[in-house]
Amino acid sequence: MKQRLINRMKLSFPSCSENERFSRTAVSGFISHLDPLIDEISDIKTAVSEGVTNAIVHAYPDRIGEVFMEVKIFEDRTVRIKIRDKGCGIENIEKAMEPMFTTSHDEERAGLGFAVMQSFMDKVSVRSAPGKGTTLTLTKKLKEKERYE
Amino acid sequence: MDTEIRIYTGGIIYAVICGDIDHHTAKGIRSDIDKAIIERDPKLLILDFSRVTFMDSSGIGLVMGRYRQMADRGGEVILTEVVGYIRKVFQLSGIDRLTKIVGDVSRYIGCEQRLDEEDIKEEKTDEAKAY
Ligand SMILES: Nc1ncnc2c1ncn2[C@@H]1O[C@H](COP(=O)(O)OP(=O)(O)O)[C@@H](O)[C@H]1O
Ligand SMILES: [Mg+2]
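For the protein sequence lines, the chains are A and B, in the order given. Taking the numbering used here, the leading residue of the first sequence gets 515, the next gets one more, and so forth. Taking the numbering used here, the leading residue of the second sequence gets 897, the next gets one more, and so forth.
Rather than coming from a laboratory, the hints here were simulated on the basis of the structure. Some hints could be false.
Claimed, not checked - Distance condition first, Cα-Cα at most 30 Å in a straight line; then the derived DSS-like pairs of lysine-lysine:
hint, chain 1, residue 1, chain 2, residue 2
1, B, Lys-984, A, Lys-657
2, A, Lys-600, B, Lys-931
3, A, Lys-596, B, Lys-923
4, B, Lys-984, A, Lys-659
5, A, Lys-609, B, Lys-984
6, B, Lys-923, A, Lys-609
7, B, Lys-984, B, Lys-931
What the hints assert, rightly or not - Just a sample of chain B residues kept apart from chain A, beta carbon distances all over 12 Å, derived:
hint, residue
8, Tyr-904
9, Gly-907
10, His-919
11, Ala-922
12, Ile-933
13, Arg-969
14, Tyr-981
15, Val-1001
16, Tyr-1004
17, Ile-1005
18, Gly-1006
Since we're looking at a predicted model, the values are computed, not measured. Glycine included, each C-beta is placed from N, C-alpha and C at the ideal position.
Sequences and hints are given; from them, build the entire structure.
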């Protein structure tokens, strides 16, 4: 069954590393009316940080490009976050998602961004075209709120 | 936010990492710690996470990098004050096989003395005199 959309937001910002913090706190602020558990907020912030950092570090390795983010909240408390860039794209997505795989060796990257996203979210999907860009979709269904009555 | 570096006798550096650890902040934290490693050539580096407010996989890279620095010098790294959400990120990395995560560091620094700036200055003049 298709769930009814109850809230959404869009954001775009240049790929400066200062915006890593901004993007994850923006998402956590936006979903706060759902009263997520502390663990859920922490998981989502971490996954968003991984996704946005990838756009900043890998998609636009030597220039500043635009990063687009869209967050949708559905009636069943599903949160869907899209992070999109118009950067270099990913040649081999399967390979890129393997734990410890990284293409940047100059910095201390662990190659575990996708592993973190996959373990902290319910679903991670990637669409990418080399030379055109990448769209990452992160989905997590929040736990039902306890009823205090 | 700056990393608080505490120097102990016995070749120990105790670094309190402050604020968020992400790709943006990791560079600064790394250079604060590495500066101390180069200056002191320690046997043991203790990383304290009690004042960390967020961490993504950049934290894994940070610890792995410091582990390598210390291993090259025959030294060790231990992590302390690692709360649940930070532990969750570390668990994905197998870093617990390279570094110990300990709750109570008194075993390591209990018998050591913390050096203040005066002590370190004195140490330096003593060294200079020795030449
Ligand atoms: N948005 C993106 N654009 C281009 N390449 C990407 C993007 N996201 C991820 N990648 C590729 O996938 C690899 C693995 O990403 P990740 O698991 O986050 O590890 P890390 O960022 O530490 O390299 C990256 O090294 C990069 O080659
Ligand atoms: Mg990454």
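Each hint tested on the structure:
1. B:Lys-984 to A:Lys-657: holds (19 Å)
2. A:Lys-600 to B:Lys-931: violated (37 Å)
3. A:Lys-596 to B:Lys-923: Since the Cα atoms of Lys-596 (chain A) and Lys-923 (chain B) sit roughly 27 Å apart, the hinted pair holds (cutoff 30 Å).
4. B:Lys-984 to A:Lys-659: holds (24 Å)
5. A:Lys-609 to B:Lys-984: Satisfied, since the Cα-Cα distance of roughly 24 Å is no more than 30 Å.
6. B:Lys-923 to A:Lys-609: holds (27 Å)
7. B:Lys-984 to B:Lys-931: holds (29 Å)
8. Tyr-904: holds (26 Å)
9. Gly-907: holds (24 Å)
10. His-919: violated (5 Å)
11. Ala-922: At roughly 7 Å from the nearest Cβ of chain A, Ala-922 (chain B) sits no farther out than 12 Å, so the non-interface label is violated.
12. Ile-933: holds (14 Å)
13. Arg-969: Label holds. Min Cβ-Cβ 17 Å, cutoff 12 Å.
14. Tyr-981: Violated: least Cβ distance 4 Å, not greater than 12 Å.
15. Val-1001: holds (24 Å)
16. Tyr-1004: holds (25 Å)
17. Ile-1005: holds (26 Å)
18. Gly-1006: At roughly 32 Å from the nearest Cβ of chain A, Gly-1006 (chain B) sits farther out than 12 Å, so the non-interface label holds.
Checked against the numbered hints above, the structure violates hints 2, 10, 11, 14; every other hint is satisfied.
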